[in-house]
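Visitor: The primary structure of each chain is shown beneath.
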Amino acid sequence: MSTKTSILSDHSAPAVDGFRSHKRLTEREGFCGWLFITPALVGFSLFYLLPTIRAFYIGLTNWNLLRAPKFLGLDNYLRLLGDGKFWSSIWVTVLYVLYNIPVQTVLGLLIAVLLKRLTGSVVMRSIMLAPFLVSNVIAAMIWFWMLDPILGFLNFVFEGLGLGRHAFFSDENLALPTIAAINIWRHMGYAALLFYTGLQSIPEHLYEAARIEGASQWKMFSAITLPLLRPTVVFVLVTSVIGSFQIFDTIAVTTQGGPGTATRTIVWYIYQEAFSSMRMGYASAMSTVLFLGLVVVTLVQMRVLRSGESDLG
Amino acid sequence: MKTSASTLPIGRWLGYAVLILFALISLGPLWIAFKTALTGPNSLFGSGGSLLPNDTTLFNFQRVLGFVDPTDPRLQQTGLAKITFFRALLNSVIFTAMAVAPQIFFSATAAYAFARLRFPGRDLLFFLFIAATMIPTAVLFIPNFILIHDLGWLNTFQGMAAPYALMTPFAVFFLRQMFLSTPKDVEEAARIDGASYFSIFFRMILPIHGPSLATLAILTTVSTWNEFFWPFLIGREESVRVIAVAINAFRTQQQAGVPDWTGLMACTVLGVIPMVALLVFFGRKVVESFQFSGMK
Chain R
0 MSTKTSILSD
10 HSAPAVDGFR
20 SHKRLTEREG
30 FCGWLFITPA
40 LVGFSLFYLL
50 PTIRAFYIGL
60 TNWNLLRAPK
70 FLGLDNYLRL
80 LGDGKFWSSI
90 WVTVLYVLYN
100 IPVQTVLGLL
110 IAVLLKRLTG
120 SVVMRSIMLA
130 PFLVSNVIAA
140 MIWFWMLDPI
150 LGFLNFVFEG
160 LGLGRHAFFS
170 DENLALPTIA
180 AINIWRHMGY
190 AALLFYTGLQ
200 SIPEHLYEAA
210 RIEGASQWKM
220 FSAITLPLLR
230 PTVVFVLVTS
240 VIGSFQIFDT
250 IAVTTQGGPG
260 TATRTIVWYI
270 YQEAFSSMRM
280 GYASAMSTVL
290 FLGLVVVTLV
300 QMRVLRSGES
310 DLG
Chain B
0 MKTSASTLPI
10 GRWLGYAVLI
20 LFALISLGPL
30 WIAFKTALTG
40 PNSLFGSGGS
50 LLPNDTTLFN
60 FQRVLGFVDP
70 TDPRLQQTGL
80 AKITFFRALL
90 NSVIFTAMAV
100 APQIFFSATA
110 AYAFARLRFP
120 GRDLLFFLFI
130 AATMIPTAVL
140 FIPNFILIHD
150 LGWLNTFQGM
160 AAPYALMTPF
170 AVFFLRQMFL
180 STPKDVEEAA
190 RIDGASYFSI
200 FFRMILPIHG
210 PSLATLAILT
220 TVSTWNEFFW
230 PFLIGREESV
240 RVIAVAINAF
250 RTQQQAGVPD
260 WTGLMACTVL
270 GVIPMVALLV
280 FFGRKVVESF
290 QFSGMK
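Protein sequence lines correspond, in order, to chains R and B.
For the first sequence, numbering that gives the first Met the number 0 assigns the number 312 to the last residue and increments by one with no breaks.
For the second sequence, numbering that gives the first Met the number 0 assigns the number 295 to the last residue and increments by one with no breaks.
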């Protein structure tokens, strides 16, 4: 390539114009591309790419951080198969997801439809979003206080309603549903806003046509709203299921896995193995299994909900 | 246009009633926290079922922020924890600033390269960045903890902010989508006029996409301010711990006896105030940002 390369011909062959070029490096597209990406690439490599590979490797070892890691091969994975605590934590987590997701999704949809039909007010939408702006820790703290067996406001309310007082967080049967309720409170308004955005993209003339044909409200909801909202529903379900499987903050603040093993979810168990028992290898093996499990759950959801297809058009 | 709901006033009123009920459910717990924070520590017992503060006082806010003289006799009463929340608020501000500001800048430079510049390996890299959004925190926290530990960065702000400071996959993906949504004719014309890629990035891309950068800043600031797991692993010492870590510590340090609820609720209110202020002052922008966060 000639040394008289103009900036325009830069697009054609950046690789060959070499050091003889009079053009400064910073004028070359390929060089600038790499330059602009370098800081992000360093961050990505250090905190995403290499740790993922390293987590897999640590999972093949026995390592307490004090002595050098000892290579075990697949021993951690074999041990995991026979670990009742692991399976019970998976079960507790699945149960939590089953308490959390359906209620949160249905309430989110209900709020979204009401917002769409009755008011588009920003104030109302802000109020619905407010709990999501409160951190998990603070939400858990406030509910822990409201449900305090002796002084908690909600226990006064339940008593007044004749339902009696309950020690929600120290009752084996109530602890997990209570933690699910806290997260439903925090997330339902956010889910509603996402659904609301999806509802706004449904053409109004479809409802008008249905009305002319005398369709009922329920018929319109099930035949128009739900199918056309499917891409949004898939997105909300997939992201909230992935998030739910990793519940940790609320448990750390309230029950710490208890009472007994009632709220020992998988991430809580991984955290405990890593930082209380200092078994980095075993904890990493479990986290790898969780990763693969989440990939499978996501693929199944997308398959079942046929996320790739659109009903519009 | 008349909707069928308006021809059915009962259904419409019922709808409003349900919506207001949900609004009360959303705000109720925040009110309970607020009224408890305003209640005198000695008056808590016996006011649990009340909707209004009993013996209204700002004493709890003053004491958790350290504005009360340590020799003040009111601090000597039983059941009050030693809460140093002012430091935690300051730490949250430092942590959030250190994690968010460079993250947005470097994610923007990367997004510009992905959206506009051609360079070898670009598509593969972008695919890897997107794939990284699937990796759960539970996989990353052990190796990342070990890295920060080996760097000697435990209990430092740089250790807490490092994984967020250079990029997050979401930020890069989001900005790339935004940059792709505007035509590149003007940038190409500027190239022909001899503008460098740097001046196009700083003088055109950043200003044109101000609103998108603001949206990302809101989403990232809220999630970083509320972050718990990573700061909890890296920064537990009083000098660096953020509000979520501090509140958790204040609660667990009193395993025996009744927790210092009025003090804890004062902390939760102080921790929520910046977020409420964001909603009050930039309501529309915040609401739209979060509505937008679900779009792909």
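Heads up, a few of these hints could be off.
[Claimed, not checked] Coverage of chain B stretches by chain R, computed from C-beta distances (three or more under 8 angstroms per stretch; other residues unrestricted): (1) 81-95; (2) 131-139; (3) 155-169; (4) 195-207; (5) 220-227.
[What the hints assert, rightly or not] Selected chain R positions facing chain B (in silico; Cβ < 7 angstroms): (6) E28; (7) I36; (8) A54; (9) S125; (10) L192; (11) L198; (12) P202; (13) W267.
[To be verified] Keeping only pairs whose Cα atoms sit at most 25 angstroms apart, straight-line, the calculated SDA-like set for lysine to any residue is: (14) R:K84 x B:P8; (15) B:K34 x R:K218; (16) R:K115 x B:I134; (17) B:K34 x R:L293; (18) R:K218 x B:L13; (19) R:K84 x R:L293; (20) B:K284 x R:D147; (21) R:K218 x B:W12; (22) R:K115 x B:V17; (23) R:K115 x B:I9; (24) R:K69 x R:I52.
I should point out that these hints are in silico values taken from the structure, not numbers from a laboratory.
Even for Gly, the Cβ is constructed at its ideal location relative to N, Cα and C.
Visitor: So, for every hint listed, does it hold in this structure?
Guide: Tested hints:
no. : hint            : verdict
1   : 81-95           : violated (count 0)
2   : 131-139         : holds (count 8)
3   : 155-169         : holds (count 6)
4   : 195-207         : holds (count 4)
5   : 220-227         : holds (count 5)
6   : E28             : holds, 5 angstroms
7   : I36             : holds, 5 angstroms
8   : A54             : holds, 5 angstroms
9   : S125            : holds, 5 angstroms
10  : L192            : holds, 5 angstroms
11  : L198            : violated, 11 angstroms
12  : P202            : violated, 14 angstroms
13  : W267            : violated, 10 angstroms
14  : R:K84 x B:P8    : violated, 55 angstroms
15  : B:K34 x R:K218  : violated, 45 angstroms
16  : R:K115 x B:I134 : violated, 35 angstroms
17  : B:K34 x R:L293  : violated, 41 angstroms
18  : R:K218 x B:L13  : holds, 19 angstroms
19  : R:K84 x R:L293  : holds, 19 angstroms
20  : B:K284 x R:D147 : violated, 37 angstroms
21  : R:K218 x B:W12  : holds, 21 angstroms
22  : R:K115 x B:V17  : holds, 14 angstroms
23  : R:K115 x B:I9   : holds, 17 angstroms
24  : R:K69 x R:I52   : holds, 17 angstroms
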